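Asks: Construct the entire structure; sequences and hints are all you get.
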Amino acid sequence: KHNNKSSATRRGVSMGCGMSSMMDITQAHELWRQGHYRKISPQFVPKVLNNSAAGRLSMEFHCQGPNLTLSTACAASNHAIGEAYRILQHPHSNVDIMLTGGSEASIEPLSLAGFCRLRALSTSFHDNDDDVTRASRPFDAQRNGFVMGEGAAVLVLEELHHAVQRGATPLAEVVGYGLTADAHH
Numbered sequence: 001k002h003n004n005k006s007s008a009t010r011r012g013v014s015m016g017c018g019m020s021s022m023m024d025i026t027q028a029h030e031l032w033r034q035g036h037y038r039k040i041s042p043q044f045v046p047k048v049l050n051n052s053a054a055g056r057l058s059m060e061f062h063c064q065g066p067n068l069t070l071s072t073a074c075a076a077s078n079h080a081i082g083e084a085y086r087i088l089q090h091p092h093s094n095v096d097i098m099l100t101g102g103s104e105a106s107i108e109p110l111s112l113a114g115f116c117r118l119r120a121l122s123t124s125f126h127d128n129d130d131d132v133t134r135a136s137r138p139f140d141a142q143r144n145g146f147v148m149g150e151g152a153a154v155l156v157l158e159e160l161h162h163a164v165q166r167g168a169t170p171l172a173e174v175v176g177y178g179l180t181a182d183a184h185h
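Mapping the sequence shown onto the UniProt record's numbering, position 98 (from 1) lands on 98, and the numbers just tick up by one.
None of these hints come from the bench; they were simulated from the model.
Just so we're clear, the structure is a prediction, and the values are computed from it rather than from any experiment.
Some clues are possibly wrong.
Derived CB-CB ranges, DEER-like [claimed, not checked]:
(1) Q34 <-> R117: 21 to 27 Å
(2) R10 <-> G35: 48 to 54 Å
(3) F115 <-> E30: 16 to 22 Å
(4) I107 <-> W32: 18 to 24 Å
(5) F115 <-> M59: 29 to 35 Å
For every residue, glycine included, the Cβ atom is placed at its ideal position computed from N, Cα and C.
Replies: Right under this line is the structure:
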């Protein structure tokens, strides 16, 4: 639950998300294609916006400060945490707490087909000699693609003095943040 010691306008949200809900898009498209557009959920648009997670967190925890979603592919969640850090560090910021992290739920036939066409997915599990549990090895020189996954994580980012004031035990410290692009995808 949110802490009443921090007013709603002093709480913000910064989330990362690479893609919107492909499953909802494909299901709605199929209904539309069949002429059943009235069966499309009235929640369709809010569900497929990339800022859906940030919006829901804002509503759940009554955060009326900055609310942003970064959509920078695989780096989106790291960028979201970094931007939350920047907001807290800004000399004119009136924010005490940022909820920050990322969410992704893209395992659906259309997105899998797209990543297959990009030749981005690991193919090591197709070889009889390879162990499927070794398909995901992002830092291995022998890697040959990635394995898609789904999940979400959100953390509370705040200035040390604010955490101490509210009786929280800090678990980590952000000491810096940089932002670049590899310009390859």
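Asks: Confirm or reject each hint.
Replies: Quick rundown of the hints versus the structure:
At about 26 Å, the beta-carbon gap between Q34 and R117 stays in the expected band of 21 to 27 Å. Taken as a hint, the range 48 to 54 Å holds for the pair R10 and G35, whose Cβ atoms sit roughly 49 Å apart. The supplied range of 16 to 22 Å is met by F115 and E30, whose beta-carbon atoms lie about 21 Å from each other. A hinted range of 18 to 24 Å holds for the C-beta pair I107 and W32, which are about 23 Å apart.
Distance hint for F115 and M59: a CB-CB separation of about 32 Å, consistent with the stated range 29 to 35 Å.
In terms of the numbered hints stated before, the structure departs from none.
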